[in-house]
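S.K.: The primary structure of each chain is shown beneath.
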Amino acid sequence: DAKTTQPPSMDCAEGRAANLPCNHSTISGNEYVYWYRQIHSQGPQYIIHGLKNNETNEMASLIITEDRKSSTLILPHATLRDTAVYYCIVRVANAGGTSYGKLTFGQGTILTVHP
Amino acid sequence: ETGVTQSPTHLIKTRGQQVTLRCSSQSGHNTVSWYQQALGQGPQFIFQYYREEENGRGNFPPRFSGLQFPNYSSELNVNALELDDSALYLCASSPVRRGGRDTQYFGPGTRLTVL
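These protein sequence lines are chains A and B, in that order.
The first sequence stops at residue 115 when you use the working numbering, and every number in between is there.
The second sequence stops at residue 1115 when you use the working numbering, and every number in between is there.
Calculated directly from the structure, the hints in this document are not laboratory data.
One should not assume that every hint holds.
To be verified - Taking lysine to any residue pairs in the SDA-like style, the calculated list, with each CA pair at most 20 Å apart, reads: (1) A:K102 - B:R1051; (2) A:K3 - B:Q1041; (3) A:K3 - B:R1057; (4) A:K52 - A:T72; (5) A:K102 - B:G1042; (6) A:K3 - A:Q107; (7) A:K52 - A:P21; (8) A:K102 - B:K1013; (9) A:K52 - B:E1052; (10) A:K3 - B:V1019; (11) A:K102 - B:N1055; (12) A:K102 - B:G1058; (13) A:K3 - A:E66; (14) A:K3 - B:A1087; (15) A:K52 - A:N19; (16) A:K3 - B:L1067; (17) A:K102 - B:A1080; (18) B:K1013 - B:R1111; (19) A:K3 - B:Q1044; (20) A:K102 - B:F1064; (21) A:K69 - A:T112; (22) A:K52 - B:E1075.
Stated by the list, open to error - Here are some chain B residues pointing at chain A (derived, C-beta under 7 Å): (23) F1069; (24) Y1105; (25) G1107.
Remember, predicted model here, so these are calculated numbers, not experimental data.
The beta carbon of each residue, even a glycine, is placed where N, CA and C say it ideally should be.
All chains should be modelled from the sequences, with the hints used to inform the complete structure.
M.R.: See below:
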């Protein structure tokens, strides 16, 4: 799986958009970009994933550049409860019957939302 | 829909002992992955189980073993505990879909302390 690079920490004011960047310059054509977050000592929470098109769900939006070498996770209106470690992960999603289990977590970005 | 559950939530053992951690997968999910998360680090992949067989393993010694049962629940067993085994152990379940895209959903974790 391709390696990802994220800033170690970011701050955001409550109510503003939080834009979390991720570089994955060695991503392959069959690799997806996944985002998870982990609130203190809880299990990681799935946020969103995408291949090449921008994606949006009830939690966030994912913007992937045209060359797929970087992406941005957008939390449109950050709240204090969004304070967490955010992980950007690149992985192959297989085209067969069994699943590739390995998610390779880096250090992630510690997002702190301030009042 | 019931999410991923793990038991126990906390556990204290001494060096050399053996421990069994349990995971119930999310309804409709037939694949279970286990991760170890040391303090201040991202989760590290231990192994995955699919159809009751190990289906991929990370860089962990054989004293880390597992089982998956017909109802898709799973156990992680660790023999000869070492101090460095102190960590948060996470279980994640995923469905197997045609064409892949098997998003993993994590449980709350079991905090293991080895004294």
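S.K.: Each hint should be assessed against the structure and marked as holding or not.
M.R.: Results of checking the hints against the structure:
no., hint, result
1, A:K102 - B:R1051, "holds, 17 Å"
2, A:K3 - B:Q1041, "holds, 16 Å"
3, A:K3 - B:R1057, "holds, 19 Å"
4, A:K52 - A:T72, "holds, 12 Å"
5, A:K102 - B:G1042, "holds, 13 Å"
6, A:K3 - A:Q107, "holds, 12 Å"
7, A:K52 - A:P21, "holds, 16 Å"
8, A:K102 - B:K1013, "violated, 28 Å"
9, A:K52 - B:E1052, "violated, 34 Å"
10, A:K3 - B:V1019, "violated, 33 Å"
11, A:K102 - B:N1055, "holds, 10 Å"
12, A:K102 - B:G1058, "holds, 8 Å"
13, A:K3 - A:E66, "holds, 18 Å"
14, A:K3 - B:A1087, "violated, 24 Å"
15, A:K52 - A:N19, "holds, 18 Å"
16, A:K3 - B:L1067, "violated, 30 Å"
17, A:K102 - B:A1080, "violated, 25 Å"
18, B:K1013 - B:R1111, "holds, 11 Å"
19, A:K3 - B:Q1044, "holds, 14 Å"
20, A:K102 - B:F1064, "holds, 16 Å"
21, A:K69 - A:T112, "violated, 26 Å"
22, A:K52 - B:E1075, "violated, 36 Å"
23, F1069, "violated, 17 Å"
24, Y1105, "holds, 6 Å"
25, G1107, "holds, 5 Å"
Of the numbered hints listed earlier, those contradicted by the structure are 8, 9, 10, 14, 16, 17, 21, 22, 23.
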